[in-house]
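Colleague: Protein sequences, first through last, are from chains A and B. For reference, each letter of the first sequence is one residue, going 1 to 202 in our numbering. For reference, each letter of the second sequence is one residue, going 1001 to 1164 in our numbering.
Here are the computed distance ranges between Cβ atoms for each label pair: (1) A:Arg-123 x B:Glu-1107: 41 to 47 Å; (2) B:Ser-1147 x A:Ser-180: 35 to 41 Å; (3) B:Ser-1147 x A:Arg-123: 49 to 55 Å; (4) A:Thr-142 x B:Glu-1031: 36 to 42 Å; (5) B:Gln-1091 x A:Ile-38: 25 to 31 Å.
Below are the DSBU-like pairs computed for lysine-lysine, each with C-alpha atoms no more than 30 Å apart in a straight line: (6) A:Lys-195 x B:Lys-1011; (7) B:Lys-1151 x A:Lys-195; (8) A:Lys-96 x A:Lys-188.
To list a few chain B residues with every Cβ distance to chain A over 10 Å, as calculated: (9) Met-1001; (10) Ile-1003; (11) Glu-1007; (12) Ser-1027; (13) Leu-1104; (14) Glu-1107; (15) Glu-1119; (16) Cys-1148; (17) Gln-1149; (18) Gly-1162.
Bear in mind the hints are in silico, worked out from the structure with no lab data behind them. No residue lacks a Cβ here, since even glycine has one placed at the ideal position from N, Cα and C.
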Amino acid sequence: MTSDHAISLVESLQVLADLRTDEVVVTTMGAAREWVKICNHPLDFVMVPSSMGQASSVGLGIALARPDKQVIVCNGDGSMLMNLGSLITISTQAPKNFALLIFDNGMYEVTGGQATPASTGLRGEKCSVQFDELASVCGFGTVQVFKTLDEWQSGAKEFLAQPGPICGVLKTAPVSGNVSPKSPGPAKQRALNFKEALAADS
Amino acid sequence: MSILTGEHITKILTDLGITHVVWIPDSTLGEWDSAFRAAESLQVINVCREGETWEIAAGLHLGGANPIVIIQCTGLFESGDSLRNVLHDYQIPIFAIIGYRSYLSQETLPGDTCLKFTEPILDAWNVDYRFIDTAEKVDQLEEHYRSCQQKQIPGVILLAEGKA
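Please model the complete structure; the sequences and the hints are all you need to start from.
Modeller: Below you can see the structure in the form of structure tokens.
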């Protein structure tokens, strides 16, 4: 792992939690694992279990159905690789209320830390895939990389206020230990609860 | 050529209150594209790969919209894990039309293996589907949709297609 991956995942999510008011927040994989420890909001959609990579697509659907609500998707780099086409689908639909955050630690953290095909671990330092560049060429108008917690703390509010679709890439450090995300409850009931909460918030 | 014209399917979807078509057109269902886009009440969402369709539709449903997924059976094969996640993990009642490639003609793809796998895979995914292979059966689309919505369960119309 390189020193590029410097931000604590937990601290970066805490910054988002501190800023969050009434936005929809969709989380998956490592971000979901940590988010449920620091936030419990009716407009959280914790996508565990998931079809890996599909949080960006669920978020897009919510954003299109509810253009009055800001939707923030917290994705991982491994998950993003599973659904790169969604970057194009999102930018084609161009919802102004959609923000995609990619927490890029260069590895499949929840499966034990294997390098992704996009990372320097498999490709070498000079040819790692940059998710900000991918998002940009796919049509995201606003793309920003955050390499330190200070950058994220000082820039997150302004970044999230930009019209969507926007993409932020946070270079996060991998988490060790018990890293498997756990479902916070029965999936069907959570989906029903989320739908009702979103309907009530209009 | 499809059993349903673009104008006919658009009227059916509009009458059913569908708000969003989430799809990838194939060489048969693609004939519906211009009619969908001409319909003021339908928002058309083209995706890059079929796995996106079920999850975008799920998000639309959670947001209060009434989406439908339209893909070919090859896309059903591709998108199994997304289908599983949406229809079985979260039990979101998404409805889909799935084109059954080569059912009416194998002129361009003799021995098309879609004919071998499509129905067993729908059975394996435990999806309640109706098969439409003639114009006389088209009413089943509306009937099955309304029935599934009433029960709040997912459903599929398997629609026979001709040449690939």
